[in-house]
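Chemist: Using the hints provided, position chain G relative to the given structure of chain F.
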Amino acid sequence: MRNRLKVLRAERDWSQGDLAERLEVSRQSVNAIETGKYDPSLPLAFRIADLFGLPIEDIFLKD
Amino acid sequence: MAQDNAPVANHAPLLWGLAFVVAMFGTGFGARFAGLDGIWTMIVMLPPMLLLIPLIRSTERDGNFAGCSSPALKRYNRRGLIWSFSYVAALFFAISVNDWLKPEGPLLWLIAVLPALPIVYFVWGFYRYLVEETDEYLKMRYVTHALFGLGLLLIVATVWGFLESFKVVPHVESWMAVPVWAIGLGVAQIWHRVRGS
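Protein sequence lines, in the order shown, are assigned to chains F and G. Quick note: the first sequence, position 56, residue 61 per the numbering used here, numbers continuous. Quick note: the second sequence, position 96, residue 117 per the numbering used here, numbers continuous.
One chain only, chain F, in its complex shape (with noise of 0.2 Å):
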């Protein structure tokens, strides 16, 4: 699954700390799911669809 995360990030000037900060998680997990390497359940990715005030298919998309 592809995903929007450090564009979305890279909009608001956020490091990846800012943004596990923000989400209340390890900087570790959103260096593995910016990079696709791992996919969040779906309360995280809810979170992170909140964090940005988007919906979730317009930050995560299918291969």
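It should be emphasised that the hints constitute simulated quantities derived from the structure, not laboratory data. Be aware that a few hints might be false.
[Claimed, not checked] Looking from chain G toward chain F, a few residues come up when the C-beta cut is under 10 Å (computed): (1) Ala87; (2) Tyr158; (3) Arg162.
[Unchecked claim] Here are the computed distance ranges between Cβ atoms for each label pair: (4) G:Thr165 / F:Arg17: 29 to 35 Å; (5) F:Arg17 / G:Arg216: 26 to 32 Å; (6) F:Asp68 / G:Arg96: 35 to 41 Å; (7) G:Ala178 / F:Gly58: 48 to 54 Å.
Every residue, glycine too, gets a C-beta built ideally from N, C-alpha and C.
Modeler: Frame of chain F, contents of chain G only:
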């Protein structure tokens, strides 16, 4: 875009881990070579055990720096130190009592089971980590490492068991299960690090 603080390779945990393994095996083989009995073997192996402290501290520092630390992981590491040192103390006590008192019956059972109690605590600590860890990625990663350790243990135990049945290799005590599992866990962690994930 804000800096992502990409982690820089830190070899301190690996070096401390290597020092710990070399020191433990080195003193173990040295004690056997010198013909030391149980108590003296335990005594000479105590100093290498202390290497666990810098090993865990460097691992935590590395985890903080690499952004893969969590309060649950820190508690798990603290419990790791507790069970490791309790295990050595219980083993030392059990061997001493067995050598001096030559117990029989229920006391012998109690003495024999004593060194296994810290391992029960270790298993409980592992369970608590999985319950307490709120970071799903770190939890998934740890479960993957643990399963790798379990897989290694099953393979080694089965292969060795059959070799033993056919009298090709000597008998190995079943308490070796935990060290073999821990080696598998460590190998999986190192493999993850090498892959950069």
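Chemist: Is the interface hint for Tyr158 of chain G satisfied, with its Cβ closer than 10 Å to some Cβ of chain F?
Modeler: For Tyr158 of chain G, the interface hint holds, since the closest Cβ of chain F sits about 4 Å away, which is under 10 Å.
Chemist: Quick check on a hinted range of 48 to 54 Å for Ala178 of chain G and Gly58 of chain F, using CB atoms only.
Modeler: Given range 48 to 54 Å: holds, Cβ gap about 53 Å.
Chemist: Between Arg17 of chain F and Arg216 of chain G, does the beta-carbon spacing fit 26 to 32 Å?
Modeler: Since the Cβ atoms of Arg17 of chain F and Arg216 of chain G sit about 30 Å apart, the hinted range of 26 to 32 Å holds.
Chemist: Taking the Cβ atom of Asp68 of chain F and the Cβ atom of Arg96 of chain G, is their distance within the range 35 to 41 Å?
Modeler: At roughly 38 Å between Cβ atoms, Arg96 of chain G and Asp68 of chain F fall inside 35 to 41 Å, so the hint holds.
Chemist: Holds or violated: is there a CB of chain F closer than 10 Å to the CB of Ala87 of chain G?
Modeler: 7 Å, holds
Chemist: Given a hinted range of 29 to 35 Å, is it respected by the beta-carbon distance of Thr165 of chain G and Arg17 of chain F?
Modeler: 32 Å, holds
Chemist: Verify the interface restraint on Arg162 of chain G: the C-beta must sit less than 10 Å from at least one C-beta of chain F.
Modeler: 8 Å, holds
No hint from the list above goes unmet by this structure.
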